[in-house]
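According to the numbering used here, the sequence shown is numbered sequentially starting from 400.
Fair warning: there could be bad hints in the mix.
As the list claims (entries may be wrong) - Once the Cα atoms are required to be at most 30 Å apart in a straight line, the calculated DSSO-like pairs of lysine-lysine come out as: (1) Lys543 with Lys487; (2) Lys515 with Lys418; (3) Lys492 with Lys418; (4) Lys543 with Lys492; (5) Lys515 with Lys487; (6) Lys515 with Lys492.
None of these hints come from the bench; they were simulated from the model.
Computed from a predicted model, the values in this text were never measured in an experiment.
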Amino acid sequence: MSDDKTEAQPVDLEALKTKVQGFLTEAGVTFEVRPDGSFGLRQGSTFVIVQPLQWNERTLVRVFAPVALECTNLNPGAAMYLAEQNAKLIFGKFSLDTEESSVWYEHALLGDFLDKDELITAVMAVALTTDQYDEQIATITGGKRVADL
């Protein structure tokens with residue numbers, strides 16, 4: 400690290416939570432504060448979670464949403480489909496959780512230097528991508544969308 404006084408200083412987790420809540424409010428996003436301190440919002444048939452986290456000496460904001468839950472057909476073909484879609488997407492990635500039989504869409508941002516446009520772009524990208532893909536991925540994996548539960 401340099402001694403440059405113009406360099407932004409790391410943000411502590413509580414300050415980051417306050418910053419994220421302020422950015423969501425300023426952008427007119429309707430959200431709920433969840434018991435774990437994350438923020439949840441609905442978009443179409445899905446539910447997006449914005450979770451400020453501590454990561455070693457840094458902070459992160461993880462933006463993620465369930466695409467398909469209670470999946471009964473998590474096979475190599477489904478994994479290949481998700482990998483192929485990941486190659487086409489600019490923001491975020493699909494992830495497969497075999498222990499929980501679910502597919503998620505997620506994107507992570509450095510929290511220490513977060514700005515409003517970056518956060519809102521990530522939230523919208525995760526929300527819209529999940530809403531666009533959830534029906535098709537639920538069909539492929541034998542899972543259910545959030546809206547179906």
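Quick rundown of the hints versus the structure:
Using a Cα cut-off of 30 Å, the hinted pair Lys543 and Lys487 holds, with the two alpha carbons roughly 23 Å apart. About 9 Å separates the Cα atoms of Lys515 and Lys418, which keeps this hinted pair within 30 Å; it holds. Taking the CA atoms of Lys492 and Lys418, the gap is near 25 Å; set against the 30 Å cutoff, the hint holds. For the hint linking Lys543 to Lys492, the alpha-carbon distance of about 19 Å falls within 30 Å, and the restraint holds.
Between Lys515 and Lys487 the CA atoms are separated by roughly 25 Å; this keeps the pair inside 30 Å, and the hint holds. Distance restraint check for Lys515 and Lys492: the Cα-Cα separation of roughly 21 Å lies within the 30 Å cut-off, and the hinted pair is therefore satisfied.
Checked against the numbered hints given earlier, this structure breaks none of them.
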